[in-house]
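Undergrad: Going down the list, the sequences are from chains Z and L.
Everything in the first sequence is counted per the working numbering, starting at 1 for the first residue and increasing by one.
Everything in the second sequence is counted per the working numbering, starting at 424 for the first residue and increasing by one.
Be careful, since some hints might not be right.
[Claimed, not checked] Here are the computed lysine-lysine pairs in the DSBU-like style, where the Cα-Cα straight-line distance is at most 35 Å:
(1) L:K525 <-> Z:K43
(2) Z:K173 <-> L:K522
(3) Z:K173 <-> L:K525
(4) L:K478 <-> Z:K118
(5) L:K507 <-> Z:K214
(6) L:K478 <-> Z:K172
(7) Z:K247 <-> Z:K172
(8) Z:K36 <-> L:K478
(9) Z:K247 <-> L:K507
(10) Z:K43 <-> L:K507
(11) Z:K172 <-> L:K447
(12) Z:K36 <-> L:K447
(13) L:K447 <-> L:K522
(14) L:K525 <-> Z:K214
(15) Z:K43 <-> L:K467
(16) L:K507 <-> Z:K173
(17) Z:K172 <-> L:K507
(18) L:K516 <-> Z:K36
(19) Z:K36 <-> L:K525
(20) Z:K118 <-> L:K447
(21) L:K478 <-> Z:K214
(22) Z:K43 <-> L:K447
(23) Z:K43 <-> L:K478
(24) Z:K173 <-> L:K478
Quick caveat, the hints were computed from the structure, so don't treat them as lab data.
This structure is a prediction, so every number in the text was calculated from the model and none was measured.
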Amino acid sequence: MNLTQLLNTGIMGEPAFILGIIAFVGLMLQRAPLNKVTTGTIKTMLGYILIQIGGMAAGTALSNLSAMIQRGFQIIGIIPHNETVVALAQVNYGKEIAWIMLVGMCLHLLIARLTPIKYIFLTGHHILYMSSMLGSLLVSSSLDGIQVYLIGGICLAVAMSIGPAIAQPYVKKVIGGNHVAIGHFNSVGYFLSGLIAQLVRSKKEKEIPERIQKLQPFFQDHMVVVAVFTFTLFFVSSLFVTPDGMKEMFSGRSFIVVSFIQSVWFTAGMYIILAGVRMLISEIIPAFQGIAERVVPRSIPALDCPILFTYSPIAAIVGFLISFAGGLTAMSVLLFYQYTTIIPGVIPHFFSGGAAGVIAYKIGGRRGLFIATFVHGFIITILPVFLTPLLSGLGYVRATFADSDFSIVGILLHFLVRLFSIN
Amino acid sequence: MKQITIVCSSGLGTSLMVKILLSKMLREWGLQANVSNTDQSSIKSETPDLVIGAKQIIASIDLGGTIECIGLENLVDPQHLREKLQNSPTFLKWLNELKEGKYESNTTT
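Could you build all of it, start to finish, from the sequences and the hints given here?
TA: Here you go:
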């Protein structure tokens, strides 16, 4: 048995095992007690399977939705939704994704150890999402197994190190120090928001009206938000599908019932995916952090974007709403030019738009906040237009990656791979 | 075992970071507790002994008032978390029990 065979068909060819082994080694290095090593390893593998189960449920509802949008409006609507596209990628390329994650995390520690870029990227779900994007992209190129693992791993490691560095000039000003960075793959979006806010800075400082704060509780329960949003999409599309068409698709059930049940299916699927991702990363990341602490002196942890929300919860909620409005504008502009459009999703705008809002508000005041987050929403909606065709290996999936770095890394890597495969 | 639950919007990134920070502190104090992280939709069906989260998240969840919820104003500063814990009645009670040797680490309350 040679190396490639061992990697493909042996124990290392099963993603659940690879991830289990990562957790196992991590916990052993941490000198965790035996019962913790056992439960941690099993839960990591369980998380991986949960993602697939959730992906199937969410994927079914999503393909029904895209079929309805296509029939009703004669367009193809793609929804940027990380969890769904990652779950679908896991079903197809689990092995590649697990390997890219392992190689990337090791190389990332090496970069932090050997170079002056000391960030340690600790947002586990984004590491998983970036690996999924890289896996889906590289598998559809002409590279073979080990090349995919290595090139994917290198790209992941570089993205994990450079991402936080790009946003840091502005993040530093919000946090008031350089001891923490943002590890969230929307760095380009944050950088642009900071830059635009700086350019259009308001001269007089005006406060955001307090009553906007009251809107916040409505957007806090994400499962409810996703269910309502998906219901709206189903409901509006079903109004445009002919009664005969609906009958054909859903065996004569009322369109309201169909919309309701389908949106709840989608949300339930997403809930299972989230539970799976949480289980998968909640063992790997603490171990990764523990190892990083030992091998990289003076490292700077790069954390998930909601840590910014506490610096101005109002700006986060305004940023989300305006970024979403920017996304809707981008959707209409796209429809003007082509058959395929991107339907902005609430969740990416909540996180990325919210964090961009806090950065923009702290740097450019109220005017900075309004203009920067609008542009931000427009850009993160347009970018996946260029990424989605590159992920053709995933088949006719109507979901794509939402945050800016996924698209930018994907597009850059695509060009690099093409450049080298010609020579 | 006492149960501390950290909550954030989707229960993925931020809550896990606070969990790492808190677990380290609990080890320093020698206090044994089960720390887990979850999302805002799931917290409503759980009954932990103590809930910790960002202030805006704590403000929007209602657990019936019997469970103490600590709202953090800063999620990245360990000192802030330490101060909040040292001002928490539930946590102080545990520390006292620990000092008097009455802290029960293996029973559920």
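Undergrad: Hint by hint, say whether it matches the structure.
TA: Hints, one by one, checked against the model:
1. L:K525 <-> Z:K43: This hinted pair holds, its Cα atoms lying about 32 Å apart.
2. Z:K173 <-> L:K522: The given pair, whose Cα atoms are some 42 Å apart, is violated under the 35 Å limit.
3. Z:K173 <-> L:K525: The given pair, whose Cα atoms are some 46 Å apart, is violated under the 35 Å limit.
4. L:K478 <-> Z:K118: holds, 30 Å
5. L:K507 <-> Z:K214: Holds - the C-alpha atoms of Z:K214 and L:K507 are around 25 Å apart, at most 35 Å.
6. L:K478 <-> Z:K172: Roughly 21 Å between the alpha carbons, so the hint for L:K478 and Z:K172 holds.
7. Z:K247 <-> Z:K172: Given pair Z:K247, Z:K172 is violated - Cα atoms ~56 Å apart, limit 35 Å.
8. Z:K36 <-> L:K478: The hint holds at about 31 Å.
9. Z:K247 <-> L:K507: violated, 58 Å
10. Z:K43 <-> L:K507: holds, 31 Å
11. Z:K172 <-> L:K447: Answer holds: Z:K172 to L:K447 is near 25 Å, not above 35 Å.
12. Z:K36 <-> L:K447: holds, 16 Å
13. L:K447 <-> L:K522: holds, 19 Å
14. L:K525 <-> Z:K214: violated, 44 Å
15. Z:K43 <-> L:K467: Given pair Z:K43, L:K467 holds - Cα atoms ~23 Å apart, limit 35 Å.
16. L:K507 <-> Z:K173: holds, 25 Å
17. Z:K172 <-> L:K507: Distance ~24 Å between Z:K172 and L:K507 Cα, so the pair holds.
18. L:K516 <-> Z:K36: holds, 27 Å
19. Z:K36 <-> L:K525: Answer holds: Z:K36 to L:K525 is near 25 Å, not above 35 Å.
20. Z:K118 <-> L:K447: With Cα atoms ~22 Å apart, Z:K118 and L:K447 stay inside 35 Å; holds.
21. L:K478 <-> Z:K214: holds, 14 Å
22. Z:K43 <-> L:K447: holds, 21 Å
23. Z:K43 <-> L:K478: holds, 30 Å
24. Z:K173 <-> L:K478: holds, 21 Å
Figure legend: structure checked against the earlier numbered hints; hints not met, in rising order: 2, 3, 7, 9 and 14.
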